[in-house]
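Protein chains: 2
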Amino acid sequence: MQIQIYENILKSNDYLAEENQALFNRESIFAVGILGSPGAGKTTLLERSVAELEKIHLRPAVLVGDLATSRDAERLQQYDIQCAQITTGGACHLEAQQVNKALKDFDLSQIDILFIENVGNLVCPTGFKLGEHLRTVVFSVPEGDEKVIKYPATFQKANCVVLNKIDYLELQEFDIEKPKREAQALNPNIVWLNCSCRTGKGIDEWINYLKISKEKQFNESN
Amino acid sequence: MQIQIYENILKSNDYLAEENQALFNRESIFAVGILGSPGAGKTTLLERSVAELEKIHLRPAVLVGDLATSRDAERLQQYDIQCAQITTGGACHLEAQQVNKALKDFDLSQIDILFIENVGNLVCPTGFKLGEHLRTVVFSVPEGDEKVIKYPATFQKANCVVLNKIDYLELQEFDIEKPKREAQALNPNIVWLNCSCRTGKGIDEWINYLKISKEKQFNESN
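Chains S and X supply the protein sequences, listed in that same order. Residue numbers 602 to 823, in my numbering, belong to the letters of the first sequence in order. Residue numbers 602 to 823, in my numbering, belong to the letters of the second sequence in order.
To be clear, the hints were calculated from the coordinates, so they are not data collected in a lab. Keep in mind that this is a model prediction, so the values were computed, not measured. Just to be clear, a hint being listed does not mean it is correct.
Note: identical chains are not told apart, hence a pair may lie in one copy or across any two.
Said to hold, decoys possible - When the alpha-carbon atoms are kept at most 35 Å apart in a straight line, the in silico DSBU-like pairs for lysine-lysine are as follows: (1) K781 x K612; (2) K612 x K705; (3) K702 x K779; (4) K702 x K612.
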């Protein structure tokens, strides 16, 4: 009974996610879902990304999901971008309908890349498509190198992993190859990028990956 | 409709949680729920605790919840304690029924303190009582000092916060007083302990807190 209801919720969410993606396609907006544990560095990655994308003339916008505050949106509003907060009121993940509703206040014609930052949670956002073209898990060194095997569905359903806080590697044991190998075993096409949002290391590769992925999605030539 | 069902699930869970607690009381077992983000250090805190509790002749036991693996239980099985894994099969939190079922394999007469480690998740376990006498949130410095205000329900419903990885304070900005103040505003009775499971700093205070809380719960004199 409980499972049946859950399946129906997921099905109706999937339908709305497809509608979102159709909208993104019509507007040539490349939509990037961002998920990860609390404190993995999702918002910091977006702060870095927004600044770098503007340099290469790709116009970013951000939707941020959070339980209770608008802290993340406030951090991003210092950049000159379209940005909105979705406060879930305690719910543990975003749903496609919330994204659709929040987009109504955006001028979609002025967006090249839309980031959708989920609630900090390595479990629940996994099952809910939002219409994103690309799903990125931000995972950080202090969380420990066992997270891929412990949260397999999240990594299996992602296109890309950004391993953040690699500047912490000197402070703790962490075998980078292990989670990478485990993620590739779950999902052979997964892209793995190492970075430090604090030092800026690896951000270029991430931005380049976004640019190429967008071009591939919309068959854009250089 | 969805909310109604959720309320019914919570109500039936609460009833079973009360049954669990009645069982713990009959057996004079002090039950401690442990929750926190993935990688906050929940299992490491338990490894430290088990070793220290045995020194003061309190017999620990552990139930560990995880999505998919038995890694945490394996880490704890190296200690000579009763320990069982609850694999949730993807579900984002433990429920009282799972705890009740897992306890059937335990010799309860040989336990003084039972730790129940939840799935790594700062959101979902909050709503589900398991029968614990004491609920502890393990929160770690690398997660950043904004987590209390961003995940308020979790801190509001906890008895104690263990701020782990304080040895990372030299590597990053983190204002200890801010989340502590915010947690106390949400919950004036909350106990706040700083520690580093790696260096061992603060573990004594945590063990002492457990000991005193157990004595208070069961009106035990020294």
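How the hints compare with the structure:
1. K781 x K612: Result: close within a single copy only, 31 Å intra versus 41 Å inter.
2. K612 x K705: within (23 Å within a copy, 37 Å between copies)
3. K702 x K779: For K702 and K779, only the inter-copy Cα distance (34 Å) is at most 35 Å; the intra-copy one is 40 Å.
4. K702 x K612: Both. Shortest intra-copy (18 Å) and inter-copy (32 Å) distances satisfy the 35 Å Cα cut-off.
This entry satisfies every hint, going by the numbered hints stated previously.
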